[in-house]
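Let chain A serve as the given structure and place chain B on it in line with the hints.
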Amino acid sequence: MNLFKIVTKNMRQRALATTLTGISVALAVALTVAIVHIKRGMQQRFEQSTLGYEMVIGAKGSPLQLVLNTVFNLDISPGNIPWTLVEKLQADRRVKAAVPFSVGDNYRGFRIIGTTGAFGETFGYKLAEGRWFTCSIEALRDAFKEALEHSQERIAKEKGDAPAKPAAHHHNAAEAVIGATVAQETGLRVGQKFIAAHGVEVSPNAEEHTDNPWTITGILAPTGTAVDRGLYINLDSFYHIEGHEVRDAPKDNDPDPGQVSAIALKLRSPIHAFPIYREINDGEEAMAAFPAVEVRKLFAIVGNIDRILLAQAILIGLVAGVAIAVSIYNSMSERRREIAILRALGARRGTIFAIVVLEAVAICAAGAVAGVAGGHLIVMVANAALRHVSGFTVAPLTMEVAELWVVAGSVALGALAGIGPAWRAYRTEVAENLAPTS
Amino acid sequence: MNDAVLSLREVRKSYREADGNRLDVIQVGQFELAAGDQIALVGSSGSGKSTLLNLIAGILLPDAGVVCVNGTDITQLPEAKRDRFRAGNIGYVFQSFNLLQGFTALENVRLGQMFGNGTGDAVELLKKVGLAHRLHHKPRALSVGEQQRVAIARALVNAPALVLADEPTGSLDAANGTAVLELLRQVCTEGRHTLLMVTHDPAVMRHFERVVRLEELR
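For the protein sequence lines, the chains are A and B, in the order given. Note that my numbering has the first sequence beginning at 74, numbered continuously upward. Note that my numbering has the second sequence beginning at 1486, numbered continuously upward.
Just chain A, same shape as in the assembly:
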C-alpha cells in the first residue's frame, strides 16, 4: 500500500467526475498540441520550400501572391511578365541563374508548371528515375511565334477577317518530369502520358487539352517541398496548347512576343540581392519579392491567429483546472470521514494534503497524456485539409519539445487546482468525523 494506490482508489471511487474533468484537460492539451504541431510543421515545410529561391520576379501586385504561386504552387498567378526580362536577367553578370515558370493547367489538381531544363540543375532537384525533359531556346522561340499566331488568328476570327494560314513549326516532344507525391498519388510512371486540364485547380467544367498529351520522362526524388506536388513540363510545350497564346493584342514588330508567369533567381552573391530587387521594383514591367521574407510575413499573420487559438486552449485548460478544483473540493464533504479514518490510522496532515494534491495532479497528468495522443490524432485528421489548402502535410507522430512543456504545465495546473481542496482536507477535524453516524 502506498500513496499512489490511495490516490488511484480515490479516483476510481469518483470515476465519473475524474473522467469528465480529465477529458476537459485532455481537450485543452489536444488543442494546444495540435496548434503547436501544425504551425511548427507548416512553417518548417514553407521555410524548407523557399531554400534556393533567393528572389522571385513576377507581375506587379501582391508579393505574397507571387511567392505562393511560384514557390508553393498555391494561389493564382498575379499575371505575366515579358520573356525579354528572362533573357535580360540571364545575361546579367550578377545572376547565376534565372529560371522561368509558366502556369495555368493542372492534372487531377496537381499544378503543371512550364519551365526549362535549368530548373532541376539550379535548385538541386534530383531524379529518382528517368531523365529530364528536352527544352531548347530555339523550340521556345518557335513556340512563342506559334502562340502569337494563335493569338492573331483568334483576334481575326473575332473581327470576322479571314485568318492567315499558320506557318509550320517545329515541335519538341511534350515531356514532363513529375514530383514524388504526384507519382505516388496518381500512379503515373515513366513512359506514361497524361492530359492536362485548363486552370490551376480541379473544375468539372475545365477544358481538357486532349490534343496535347505529355509523356513522363522522369520522376523526382521526394523533397518535402511543394515541388513534390508539381508536374514540370518543357516550357515550349506549354505554348503549343491552344488557349496559351499569351497576348490579346500583340504589338507590331514585337521582336519577342513571349511571356512567362514568373522567374526564380539564383544570385552569384547575396550582396546583389537588394540592388536587383530595387532595379526590378523601380521598373514598370515586373516586381521582385524575397520568398523567405514573404513566408516570415505570412507566418507573422498566421502567428496572430494561432496565438488566439492558443489563448483559447489555455483558457479551456484553466476552466478544466477550476472544474477539477471544484469537483474535488465538493467531494471533501463526502470524504471527511475517510480523511478522519486515515488520520486516526496515523496519516499526518501533510500526507492527507499530498494525497489530495496528487489526485488533482494525476487527473491532469492523465488528461495531458491523453491530450497529447489526441493532439496527434487531430494532426492526422487535419492533414487532409492541410494538403488541400497548402499542399503540405505535417508528420503526425513526431514530438515537439513544446509538448513536454504542455504536459508539465498541466501537471502544474493540477497541483495548483489541488491546493484548495487539499487545504480543506488538511483542516479536517478528526474526532468529530470519526463519531458513528446514526
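One thing to keep in mind: the hints can contain errors.
Looking from chain A toward chain B, a few residues come up when the C-beta cut is under 8 Å (computed) [what the hints assert, rightly or not]:
hint, residue
1, 75
2, 82
3, 85
4, 411
5, 414
6, 416
7, 418
8, 419
9, 420
10, 421
11, 422
12, 423
13, 507
14, 509
FYI, nobody ran anything at the bench for these hints, they're computed from the structure. This one's a predicted model, so the numbers in the text were calculated from it and none came from an experiment. Glycine residues also receive a C-beta, built at the ideal position from the N, C-alpha and C atoms.
Relative to chain A, chain B alone:
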C-alpha cells in the same frame, strides 16, 4: 508504575458551549494500565468515554494533564510525531468500523500497516480473525460482523502496545457482538496487547474481570 502501558495524570478536557460557558467533559486524576491488562471503561451515553479514548490516542489534546503511552507523554509531541506515534503504538477499533469503502479487507489492513510502518503479516492476521475467504472483498460485500473483524485486524497489524475499542459491539447483534468481543479479547491476550474498551452495555461488561466507571477516575 514505570512499566505502565497507559498512564493518565490530572487530565482535563472541557468544551466551550454555545452560551460561552465551559463544559468539563473529562476529569481524570490518576489512571494506569499495565501490559496485557484488559479493562472495560463504562459510562452513560455522552459521559465523555469517546473523548477520553481520543485523548489517549492523541487525536485530541487535553487542556491539562499528562497522557503517557508506553512511557511517552504524547501531549508533548508535535502533531506529526503524535500521528506517527499513534500509528505504531495504538490500535483503534470503532463502533462504526470506519473501514474505507473503496478498499478491500486486505487493503484496509495494509493501510493501517502503511502509516505505522508495521511488518506484521496482514493476510495471516485476517486469517486469524476468520476472514481467509474474504481478503479481497470490499466492506459493502461483508457482513457487519466481518467488517468489525477487519477493523480488529487493522488495529492489531502494527502490534500496538495499546488497543482502544470504542463500543466495538455497538453496531452488532448479540451473537455477532459476543463473537467479536471474544475474538478481540483473545487476540489481545495472545499478543499481550493492553485492551481498553469503553461500553455502556452491561452484557459486554460481564466479559471483563476489571470494569471501571468513568466517574471513578476523577
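> Does residue 85/A meet its interface restraint, that is, does its C-beta lie within less than 8 Å of any C-beta in chain B?
Replying inline: 7 Å, holds
> Given residue 507/A was flagged as interface, is its beta-carbon under 8 Å from a beta-carbon of chain B?
Replying inline: Check passed: Cβ of residue 507/A comes within 6 Å of chain B, closer than 8 Å.
>> Would the hint on residue 422/A be counted as holding, given a Cβ-Cβ threshold of 8 Å to chain B?
In response: 7 Å, holds
> For the hint on residue 509/A, does the least C-beta distance to chain B fall short of 8 Å?
Replying inline: Holds. Min distance 4 Å.
> Does residue 419/A meet its interface restraint, that is, does its C-beta lie within less than 8 Å of any C-beta in chain B?
Replying inline: With a closest approach of 2 Å, the residue 419/A hint holds.
> Measuring from the C-beta of residue 416/A to each C-beta in chain B, is the shortest one below 8 Å?
Replying inline: 7 Å, holds
>> Given a cut of 8 Å on the nearest C-beta pair, is the interface hint for residue 411/A held or broken against chain B?
In response: Result: holds, 6 Å to nearest chain B Cβ.
>> Checking hints one by one. Is residue 75/A an interface residue toward chain B, by the C-beta closer than 8 Å rule?
In response: Given a least distance of 7 Å, the restraint on residue 75/A holds.
> Are residue 421/A and chain B close enough, Cβ to Cβ, to be under 8 Å, as the hint says?
Replying inline: 5 Å, holds
> Taking the least C-beta to C-beta distance, is residue 420/A closer than 8 Å to chain B?
Replying inline: 5 Å, holds
> Regarding the hint that residue 414/A lies at the interface with chain B, is the smallest CB-CB distance below 8 Å?
Replying inline: 5 Å, holds
> Given residue 423/A as an interface hint, is the shortest Cβ-Cβ distance to chain B below 8 Å?
Replying inline: 7 Å, holds
Consistency with the previously given hints is maintained throughout, with no hint failing.
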